[in-house]
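Position chain B against the provided structure of chain A, taking the given hints into account.
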Amino acid sequence: NAGVTQTPKFRVLKTGQSMTLLCAQDMNHEYMYWYRQDPGMGLRLIHYSVGEGTTAKGEVPDGYNVSRLKKQNFLLGLESAAPSQTSVYFCASTNRQGGYNEQFFGPGTRLTVL
Amino acid sequence: DAKTTQPNSMESNEEEPVHLPCNHSTISGTDYIHWYRQLPSQGPEYVIHGLTSNVNNRMASLAIAEDRKSSTLILHRATLRDAAVYYCILRDNYGQNFVFGPGTRLSVLP
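First to last, the protein sequences are chains A and B. Start counting the first sequence at 1; every next residue gets the next number (this note's numbering). Start counting the second sequence at 1; every next residue gets the next number (this note's numbering).
One chain only, chain A, in its complex shape (with noise of 0.2 Å):
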């Protein structure tokens, strides 16, 4: 059981390159989560999905697409990377939604956009 993983764990891009951060979880979770974190900050939500098929909006949503084609999978793009998505973006998931459940963590992906 290797919870919730994340690929690839760094990658250095251009300004303007695009590329795909995957996240797969093999819990047979609904609920999937993108999060970035700034050095010294705490994790802001990205995008989230709440079942195969289905996506929404987080906080910090702009620049950002994702995608939820199997149930396992979360994917997180960026179409056109800029200085400032430079971050640790990290992956979570949970079985369904309610204030006692805890979110399971992915280790996280470093980018660097130069």
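Rather than coming from a laboratory, the hints here were simulated on the basis of the structure.
Quick look at which bits of chain A chain B covers, simulated, 3 or more residues with Cβ under 8 Å:
hint, region
1, 39-46
2, 105-113
Covered stretches of chain B, going by a simulated chain A footprint (3 or more residues, C-beta under 8 Å):
hint, region
3, 38-49
4, 100-110
Looking from chain A toward chain B, a few residues come up when the C-beta cut is under 7 Å (computed):
hint, residue
5, PHE90
6, TYR100
7, GLU102
Remember, predicted model here, so these are calculated numbers, not experimental data. The beta-carbon is built from N, C-alpha and C at its ideal position, and this holds for glycine as well.
Only chain B this time, still in chain A's reference frame:
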């Protein structure tokens, strides 16, 4: 989700208890109190959560004030591995996400 306030940083000696405070004066009746921690270069991990009563698990204890406007995470014997940023988060049954503040950076001295 309601807001929480935590000290920016705290220090503890190894093998001593640590009390990490959190204020949440605008908490609503349906808000659960969650604690997560983030070890260096890792994703956050769940520590404990509670609603009204004090809670214990293998990692920590959570003491919740009677009026629920504050709570304290208790690590009974701090180890070097407990050095991390600790986040206190409120979550209701309808919130889709956790709102992470800057948390408390705990340093453990040998």
